[in-house]
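Asker: Each chain is listed here by its residues.
Number of protein chains: 2
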Amino acid sequence: MLFAKGEFWLAKLVECIPNFSEGRNKDVIDLLVKESKSVPGVTLLDYSSDESHNRSVFTLVGDVEGIKEVAFKLCKVASEKIDMTKHEGEHPRMGSTDVIPFVPLKDITMEECVEISKDVAQRINEELYIPIFLYEESATREERRNLAKVRKGQFEGMEEKLNLPNWKPDFGDAKIHPTAGVTAICARMPLVAFNVNLSTPNVEVANQIAKVVRGSSGGYKYCKGIGVMLNDRNITQVSMNMVNYEGTPLYRVLETIRSEAKRWGVQVVGTEIIGLTPAKALIDSAEYYMQIEKFDYNNQVLENQLLN
Amino acid sequence: MLFAKGEFWLAKLVECIPNFSEGRNKDVIDLLVKESKSVPGVTLLDYSSDESHNRSVFTLVGDVEGIKEVAFKLCKVASEKIDMTKHEGEHPRMGSTDVIPFVPLKDITMEECVEISKDVAQRINEELYIPIFLYEESATREERRNLAKVRKGQFEGMEEKLNLPNWKPDFGDAKIHPTAGVTAICARMPLVAFNVNLSTPNVEVANQIAKVVRGSSGGYKYCKGIGVMLNDRNITQVSMNMVNYEGTPLYRVLETIRSEAKRWGVQVVGTEIIGLTPAKALIDSAEYYMQIEKFDYNNQVLENQLLN
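Quick note, the sequences are listed as chains X and P, same order.
Counting in our numbering, the first sequence runs from 4 upward without gaps.
Counting in our numbering, the second sequence runs from 4 upward without gaps.
No lab work stands behind these hints, which were simulated from the structure alone.
There could be a bad hint or two in this list.
Same chains, same label: a pair holds when it works inside one copy or across any pair of copies.
As the list claims (entries may be wrong) - Listed below are the simulated SDA-like cross-link pairs for lysine to any residue, each with C-alpha atoms no more than 20 angstroms apart in a straight line:
#1 K89 <-> D122
#2 K109 <-> E306
#3 K76 <-> T251
#4 K297 <-> V271
#5 K265 <-> G278
Note that the coordinates shown come from a computational prediction; the quantities given were computed from them, not determined experimentally.
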């Protein structure tokens with residue numbers, strides 16, 4: 004249990020969802036899991052690894068001091084064990100710890116989480132010599148809000164990019180860590196990592212469909228997505244981050260993907276939720292599919308009554 | 004809030020969902036609402052009234068002593084204000100308080116809830132002179148488990164039924180309350196009251212479809228249902244109780260209804276959830292519609308992590 008009964012109500016809770024560039028080597032992943040469990044006040048809720056992406060996503064919840072400590076410790080282990088000069092995988096990446104997002108969960112503001120992200124960024128840079136970009140709510144300028152723009156060029160392109168006048172890191176000199184690369188850190192709202200698997204091995208189809216649904220190329224405002232190959236299954240996937248599931252609901256994007264896939268003679272074979280999702284993201288979708296009239300999420304879901 | 008912070012963890016919680024035979028007279032409904040809020044340790048979570056059914060469903064949560072007290076007090080008000088000799092409505096009914104189910108919610112067993120149901124049944128009979136049948140988990144014999152069988156004959160047929168050898172009440176003499184009728188009380192698992200609205204005013208279609216999906220006539224084991232007319236909308240409805248949403252999921256029954264309705268040239272125009280639903284009942288359905296692979300409800304829903 005996260006806290007002894009009774010203490011629960013007193014703590015501010017922060018969620019942290021670091022992504023590491025290791026999805027295949029079980030020994031390294033186990034080390035990261037062990038480190039996740041080594042800080043009092045922090046619970047590892049979930050982790051998942053994707054061999055095609057060669058990436059792992061960890062979900063932790065903790066109090067402010069604990070979450071800052073575990074974020075640093077994990078980044079340190081990753082920098083020691085993951086060598087980006089040897090990394091290849093389907094998912095874009097620039098560092099052994101690629102991203103560290105902080106999400107306000109209970110009794111804590113976005114501003115406080117922005118402060119947390121900056122404290123952790125400073126410590127990682129000073130002690131591990133990894134340059135840091137701040138993004139999303141922590142971004143120091145508008146063009147850095149978007150992770151895709153920050154990460155563009157990936158690990159291989161970072162050495163050169165950091166020397167461009169516009170891309171000086173937020174923390175540290177314009178010098179990548181030779182094996183750990185660069186890390187992006189932010190505070191943001193909860194997102195849902197949502198993948199849609201397609202009945203085709205042609206990644207160009209997934210790319211085209213991703214382009215249709217993602218906001219940056221004319222699709223849904225709160226949808227970010229790319230096409231990826233799943234080599235182990237010989238199919239492709241539209242891999243997305245739903246950054247505001249109320250503004251852009253999951254079902255709407257799924258149905259659009261279904262519809263677009265038909266044009267290619269392709270079907271949706273399944274979907275995935277990676278890591279945690281707020282219940283409402285799925286219940287809003289159930290409401291759509293089941294055509295529920297006048298459903299009142301706050302008052303009709305039993306568990307919500309127990310928490311309030 | 005249900006409890007002061009810190010006390011929450013100490014209390015056993017019971018849910019109580021009394022159904023009253025009044026869905027039109029706002030003054031009477033308001034009196035019942037006021038009574039619901041009059042007992043410390045009890046919270047009225049939800050209530051809804053249906054004019055076609057001429058019935059209201061209240062959802063309360065409380066500690067053991069509080070829930071017993073509020074159940075009695077509500078039954079008393081209903082017996083004083085609702086005259087069954089003048090009652091008509093679409094939903095089967097036998098008493099001003101038609102049913103009082105108790106559901107274990109937190110740190111309490113079904114056996115304890117059966118004891119609660121019997122205590123309340125005894126008090127209602129002794130102080131209000133209403134005969135009581137125990138049903139579901141509280142039933143004193145197998146044939147009384149099923150509410151439909153207990154209630155068959157409805158208010159108008161109860162005077163005669165109580166005198167049959169097999170239908171002597173569990174509490175009280177074989178004598179109905181002249182205006183409050185008979186009440187059924189039980190302990191049971193959480194159910195979801197789920198209605199499916201059809202694009203036809205022909206109640207025979209709704210009846211046929213209800214017959215297909217309900218367990219008792221050959222359909223899904225954990226589905227109880229009837230066809231009803233919604234006069235205010237000039238359409239019909241399959242009105243159901245989903246008594247085990249894991250054994251018989253909501254989406255499955257909905258899709259069967261959709262399919263059967265086609266045969267009549269009829270469509271599903273919408274659905275309703277009445278009162279509260281456990282989150283899982285809807286999330287399981289989202290999982291089906293969205294084809295989510297390997298979803299782990301206990302570990303991937305964010306709010307579940309905060310409660311454990």
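Asker: Now tell me if each hint is right for this structure.
Answerer: Hint-by-hint comparison with the structure:
1. K89 <-> D122: So K89 and D122 fail the 20 angstroms test inside a copy (30 angstroms) and across (71 angstroms) alike.
2. K109 <-> E306: Both: 16 angstroms inside a copy, 11 angstroms across copies.
3. K76 <-> T251: neither (34 angstroms within a copy, 46 angstroms between copies)
4. K297 <-> V271: between (29 angstroms within a copy, 16 angstroms between copies)
5. K265 <-> G278: Result: close neither inside a copy nor across copies, 29 angstroms intra and 39 angstroms inter.
Against the hints set out earlier in the document, violations occur for numbers 1, 3, 5.
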